[in-house]
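**Student:** The residues making up each chain are set out below.
Number of protein chains: 2
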Amino acid sequence: MIQIYTGNGKGKTTAALGLIIRALGREWKVCLIQLMKKNYSYGEIKFLKKQENLDIFQFGTDKLVDPNNPDEIDITEAEDAVIKAEESIKSGKYQLIIIDEINVAVKWNLIPVDLQLALMDIETDSEIVMTGRYANSNVIEKADLVTEMLEIKHYFEKGLNARKGIEF
Amino acid sequence: MIQIYTGNGKGKTTAALGLIIRALGREWKVCLIQLMKKNYSYGEIKFLKKQENLDIFQFGTDKLVDPNNPDEIDITEAEDAVIKAEESIKSGKYQLIIIDEINVAVKWNLIPVDLQLALMDIETDSEIVMTGRYANSNVIEKADLVTEMLEIKHYFEKGLNARKGIEF
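For the record, the sequence lines run as chains X and C.
Per the numbering used here: the first sequence = residues 1 to 168.
Per the numbering used here: the second sequence = residues 1 to 168.
You may find that some hints are simply not true.
The list treats identical chains as interchangeable, and a pair is accepted whether it falls inside one copy or across any two copies.
Claimed, not checked - Below, computed lysine-lysine pairings styled on DSSO-like, alpha-carbon distance capped at 27 angstroms: (1) Lys107 x Lys37; (2) Lys38 x Lys63; (3) Lys90 x Lys153; (4) Lys164 x Lys93; (5) Lys49 x Lys153; (6) Lys63 x Lys142; (7) Lys50 x Lys164; (8) Lys107 x Lys93; (9) Lys142 x Lys50; (10) Lys164 x Lys153; (11) Lys93 x Lys63; (12) Lys46 x Lys29; (13) Lys37 x Lys93; (14) Lys107 x Lys153; (15) Lys164 x Lys90; (16) Lys107 x Lys29.
Hints listed in this document are in silico derivations from the structure and should not be mistaken for laboratory results.
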């Protein structure tokens, strides 16, 4: 099954993290692949690194990607993430595979949507979860379950910044 | 700050679980209060019970609540959950407090919305997260951040049942 979490609201990556917890509670093997997020100091990564049955692979750099003018390294890192995702899906090692922010990597032209669709076409018993706003319509079409997180109200509007422990 | 996760889509409770992971990674103290969910065999609870810095309190019974005709025990359990929530918020012990499914408990008349609003009025430095579909409009009005999880597509429509490790 393939699940997509998209939309402009909070809770996409955190929902995926919650699925990891649920899966680890069932003693499943889990793979977390993160695009555009090479930052092991995120609260969740600090915690998850200590867990058994979970492999974490981060791709990208510690700089923000410029959607209009991505660096070469942003592109090669995203491509490497797709290769790792393909390998993980084909390995049959994992019951749950999260590919975090892949929707954004496609939207920002770091990888073509066909690569994402090809991942979705691999025959597997693994549960696949793809996150990130801007999910491509073909991706939505192909997925089994799609949830859109809609921002109804956000304190960033009030001028507050991202807060440690909550947003990262 | 008070965050609400509502809507008919997947990911409300799981997003809250993800926030717990993020917070534990920051070595915060966390309190998880669950309404209408006395079932320690959920995958996430099995995992979370083993974690330090996290207190879990479940209320309700192991039977589903009938929204049109709740049992007396459903009501007293929900009321007890609110008392525990109030106590937890006032204690100042926790940086993050999740009150899971409280929106549904209000919608189904297990507790009056005024009790939920009163929890939101308590002065605190804790981050408060309330989940469940059907968030009351006054609750949305009072919250700092509201995300609606919208179901765009769901395999339940295809006749599949809830799956162990994924939905519970």
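**Student:** Would you mind marking each hint as holding or not holding in the structure?
**Tutor:** Verification of the supplied hints:
1. Lys107 x Lys37: within (16 angstroms within a copy, 39 angstroms between copies)
2. Lys38 x Lys63: within (9 angstroms within a copy, 44 angstroms between copies)
3. Lys90 x Lys153: between (40 angstroms within a copy, 26 angstroms between copies)
4. Lys164 x Lys93: between (33 angstroms within a copy, 18 angstroms between copies)
5. Lys49 x Lys153: neither (32 angstroms within a copy, 32 angstroms between copies)
6. Lys63 x Lys142: So Lys63 and Lys142 fail the 27 angstroms test inside a copy (32 angstroms) and across (35 angstroms) alike.
7. Lys50 x Lys164: both (20 angstroms within a copy, 24 angstroms between copies)
8. Lys107 x Lys93: Neither. Shortest intra-copy (29 angstroms) and inter-copy (42 angstroms) distances fail the 27 angstroms Cα cut-off.
9. Lys142 x Lys50: Answer is neither; intra-copy 34 angstroms and inter-copy 37 angstroms both fail.
10. Lys164 x Lys153: within (20 angstroms within a copy, 33 angstroms between copies)
11. Lys93 x Lys63: neither (32 angstroms within a copy, 35 angstroms between copies)
12. Lys46 x Lys29: both (18 angstroms within a copy, 15 angstroms between copies)
13. Lys37 x Lys93: within (24 angstroms within a copy, 32 angstroms between copies)
14. Lys107 x Lys153: So Lys107 and Lys153 pass the 27 angstroms test inside a copy (24 angstroms) and across (21 angstroms) alike.
15. Lys164 x Lys90: between (36 angstroms within a copy, 22 angstroms between copies)
16. Lys107 x Lys29: neither (29 angstroms within a copy, 37 angstroms between copies)
Against the hints set out earlier in the document, violations occur for numbers 5, 6, 8, 9, 11 and 16.
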